[in-house]
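Enquirer: Since the structure of chain F is provided, determine the placement of chains V and P on it from the hints.
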Amino acid sequence: MNQEIFTINNVWMMVATILVFIMHLGFAALECGLTRAKNTINILFKNTIIPALGLLTYAFIGFNLMYPGDVFSGGFLGLSGLGLSLPEGWDTSAYSEGYTFFTDFIFQAMFAATAATIVSGAVAERIKLGPFLFFSLIYVGICYPIVGMWKWGGGFLDTLSTPFYDFAGSTIVHSVGGWGALVGAYLLGPRIGKFTERGMNAIPGHNIPMAVIGVFLLWFGWFGFNGGSVLSADPGTVSLVFVTTSIAGAAGAFGALIASYLKFKSYDITMVLNGILAGLVGITAGADQMAVWESAVIGLIGGALVVFAVVFFDRLKVDDPVGAISVHLVGGIWGTLAVGIFGDLASFSQFISQLIGVAAVGVFCLVSSWILFYGMKKTVGIRVHEQEEVEGLDISEHSMRAYPDFATKE
Amino acid sequence: MNQEIFTINNVWMMVATILVFIMHLGFAALECGLTRAKNTINILFKNTIIPALGLLTYAFIGFNLMYPGDVFSGGFLGLSGLGLSLPEGWDTSAYSEGYTFFTDFIFQAMFAATAATIVSGAVAERIKLGPFLFFSLIYVGICYPIVGMWKWGGGFLDTLSTPFYDFAGSTIVHSVGGWGALVGAYLLGPRIGKFTERGMNAIPGHNIPMAVIGVFLLWFGWFGFNGGSVLSADPGTVSLVFVTTSIAGAAGAFGALIASYLKFKSYDITMVLNGILAGLVGITAGADQMAVWESAVIGLIGGALVVFAVVFFDRLKVDDPVGAISVHLVGGIWGTLAVGIFGDLASFSQFISQLIGVAAVGVFCLVSSWILFYGMKKTVGIRVHEQEEVEGLDISEHSMRAYPDFATKE
Amino acid sequence: MNQEIFTINNVWMMVATILVFIMHLGFAALECGLTRAKNTINILFKNTIIPALGLLTYAFIGFNLMYPGDVFSGGFLGLSGLGLSLPEGWDTSAYSEGYTFFTDFIFQAMFAATAATIVSGAVAERIKLGPFLFFSLIYVGICYPIVGMWKWGGGFLDTLSTPFYDFAGSTIVHSVGGWGALVGAYLLGPRIGKFTERGMNAIPGHNIPMAVIGVFLLWFGWFGFNGGSVLSADPGTVSLVFVTTSIAGAAGAFGALIASYLKFKSYDITMVLNGILAGLVGITAGADQMAVWESAVIGLIGGALVVFAVVFFDRLKVDDPVGAISVHLVGGIWGTLAVGIFGDLASFSQFISQLIGVAAVGVFCLVSSWILFYGMKKTVGIRVHEQEEVEGLDISEHSMRAYPDFATKE
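In order, the protein sequence lines correspond to chains F, V and P. Its first residue numbered 1, the first sequence is counted upward by one per residue in UniProt numbering. Its first residue numbered 1, the second sequence is counted upward by one per residue in UniProt numbering. Its first residue numbered 1, the third sequence is counted upward by one per residue in UniProt numbering.
Everything labelled a hint here was simulated from the structure, so no lab data went into it. Check the hints yourself; a few may be wrong.
Claimed, not checked - Beta-carbon label-pair distances, calculated as ranges: (1) P:I371 - V:L366: 51 to 59 Å; (2) V:L366 - F:E391: 51 to 59 Å; (3) P:K265 - F:S161: 51 to 59 Å; (4) F:R383 - V:P87: 40 to 48 Å; (5) P:S85 - V:K265: 32 to 40 Å; (6) F:I192 - P:W293: 43 to 51 Å; (7) F:Y261 - P:I395: 40 to 48 Å; (8) F:K317 - V:G193: 43 to 51 Å.
C-beta atoms are modelled at their ideal positions from N, C-alpha and C, and glycine is treated no differently.
Extracted from the complex, chain F is given alone in its bound form (with noise of 0.2 Å):
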């Protein structure tokens, strides 16, 4: 391969790579924004450490676990060494024709931290600093690259004899957060006040323009998540992506505020923003696989689910401030199995395929989860006292206010 191309290919992932660096100010934003004020620092803390956190242990071990080569190649698990040791011609397309070693690692790890950052928004304002950094800390530097070497390490999904498809993670990355967040805030219990004798309260956001600075940042570097994901600048391939990325996250939003508007008959920004998100990771399994009328169809879908399943764990009294497993859960979900019905691979045995990533993934997920959350909860507990929650995270973890020249209504 020439020179120029790879030179290409690796400016494209580069940007990529910056693209999704800066999604999780988008999800720090986001998380911010859709909850109370007095938990503002902590949330904002745990979304700083955690991209932090996950450059480090990806570099330490998760890119070895996620990308074994040979050493225990494919099936559930290897691992190939500790740390970057940089293979011969790793500065040439004698690497890969779309990008340096470096490129390669740097890309890679950026998504690395979603996991937990999707985790974060489901277990606000309830759940005790140490257990959340150590779960975030196992989570993404043990659980989330073994999941991601099973489809593109080679593992075994990517060996089924129809392959497990998951273009750049609606499974892989975004059910992996989603089910995390979903044993963390079942584990943790609701919000004090969440769920009374009197029914369901709502506990809005304390700040919509940071919840609207998240979702289009997030929006942005899905630019770089998805358009990444083509691990070239393959003209046709990226710029496809783009357009069906773009339509998804658009018809989300149209899903969800037709939703929210026949269900609650009123213009609720919070769903609209959601529908967005859902829209966006329901398009992610198959980017590359759809027709510009599919995209629309599967975020359309994907923003009306996020109503319902907020409405659906609000029922069942799972308690998500942000709305993360509605959107990355069940919004990862549909967009997997939509693989089997839309697009260049529609099959039913693709489907199949496609349900057996789901179930082995979700599996793998509920089980590791549990493991630490209910481990921490049995041994140094995982929620805070109900004075410390009532007073404020950013109190009682860290003796600061984020607003300290504003009157509050609390």
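Expert: Chains V and P in isolation, oriented as in the chain F frame:
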């Protein structure tokens, strides 16, 4: 043409696409910051829905209206079909030397919603949501692409003996939004309390940091808006455009700073912010035609003009909460005419062509937005009730507050 | 060299330019978030005007001072003219293999304002606007490019027998800002209420979400700051720089987290944020020279240093509201010296050259900023009146409030 240059061009155009996308967050943040806390959800809702609407309508009809090709080519109106149908060789340089079909579509689609996001600022804090969304649907989906075709689709403005010149859309994009903003703000009338017997009252924006975020993101995105309008990665032209764009924005800040200091004897940050935008709007028509000093002059004058325009529209009692008309209409006209005065194309005949373009677009946009807004005013009504306006649109239209944890002064 | 590689390089340099541009929003958001609500307009005003000022002065004189070429080449001072005059072959690889003349200019111009935005944080909440803008004009327009020439323009630091090494500007950019910040903060004296008889009072920032936005945007931009300093799209070097930069920032977060937990027994988000920045500043001098583990060590130490530096400057009663001196001066010195200790250049003679560079730049910046600030202090005055400071600079300097709709505690 060789595949390497085609791929590079396409990468640049995709980066430019992403940059234009994030301008929608820029508009959302700016307009949110410059209006009142009680209308924040409403303005953010509109600025979130409009880009989604723009993407979908542009895919369905806008792109075909704007680039009808041989179907009814040239002239005033053409339509090449509905939806996106892939031409042969869509992902090769046979389609275009600078981009694939999908890159072409998505870059243009990101521009489309701008026409309505500009309007949303001028009509903020008193327009009904439903009518505004209907206006946006038609204005973005139909009106904007028709005007765009006149120049960029090979229409009559492009075939004048001295062709009208509008590099990236001072007229085709910004003034289209500006004319709609003028009509909307005029037909709605001023906000309650803006003009009283004792004179004009400034109604300050509620969150200046958001406004600053907005302007910087718009400037950031403008590198894609203008830089992508080169339609290739040609090193000389794109880098020239970067310099003229940056210098005009910077000079716009000083133009507004000087004019507002002379006029009001204060350092008014909102004027400086709008001055930057006016400088950027001003250079947009001729960003590839100007020398560095000319871009500085254009920006300086654009920035100063915005100050006088704000005062002028206040005198006319046209209430534009964010200064959108001054920035996008006045700045857009100035920039368009400047192509006849400065730069490589400067000539009397060019100036006349620029005037023709400004006037033709102005008449079409005034008439079409008048029909839309006036038609709705006389039927469903376009303005919320007095009590709703006083209470804030967040409650009356969305039953939510943007900052429920904070004590407000209202 | 072939046109394809030239075009790719130029695309990457333009992307890097845009990324460095958005760092100015990062500085604005960070400094706004870490100061008080009553001084928000003022800090945003400065951070909006300075980039504009930087672009214009760099076009007028800075670029020619920094890269004087043969005119008075080398040594301590040179000037190749005023304004931008296009050399022959400016848009071809005859000018440079990595970029056109205009790309060269605009990439460098985006760096220029940084010197003053760093200062603005340290002198915040008490400096008069006019004197600060005058300082910025001279410091950005004259002092920064002179220092820059010493190394990047081929001056005496570049021609030492073992040349001083500063890849992207730990000394040339960050410490230049840091020295100015130190002098400014010292000559102004502390804010009212910061140091009282009973000891030091923390004056908390008013909007931590803004600070988080600022740090993430700075990190985001750093991929262009460091990645663009490769001056080409060379896949191996740029991707290495991405990894070292990311790892150093991540390690900086943990360095500050550990140090601040040990010292204060709390999870202090502002320390973590400044730790990230210190890690990034620290790696900047040698981002292309370090192994991954070395970048982690440099970041870790940089992050820890920031905690001790903040305490140290508090003891000296140098009041730096945002920690700019600790981040940019201490971090910059550390990163510069680290090039003599770690990485491919590590040697005793390199360490001495690094010391010489740090000292030479330090002396020049201390003297020049002392002359500027002290001269103004003894004539026009640099500090607002006590009553203005108590009331807040937004009212006294701008007659506006940043958040007029909210009830504040002041």
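Enquirer: Each hint: holds or not?
Expert: Consistency of the hints with the structure:
no.	hint	result
1	P:I371 - V:L366: 51 to 59 Å	57 Å, holds
2	V:L366 - F:E391: 51 to 59 Å	57 Å, holds
3	P:K265 - F:S161: 51 to 59 Å	57 Å, holds
4	F:R383 - V:P87: 40 to 48 Å	59 Å, violated
5	P:S85 - V:K265: 32 to 40 Å	38 Å, holds
6	F:I192 - P:W293: 43 to 51 Å	45 Å, holds
7	F:Y261 - P:I395: 40 to 48 Å	44 Å, holds
8	F:K317 - V:G193: 43 to 51 Å	46 Å, holds
Checked against the numbered hints given earlier, this structure breaks only hint 4.
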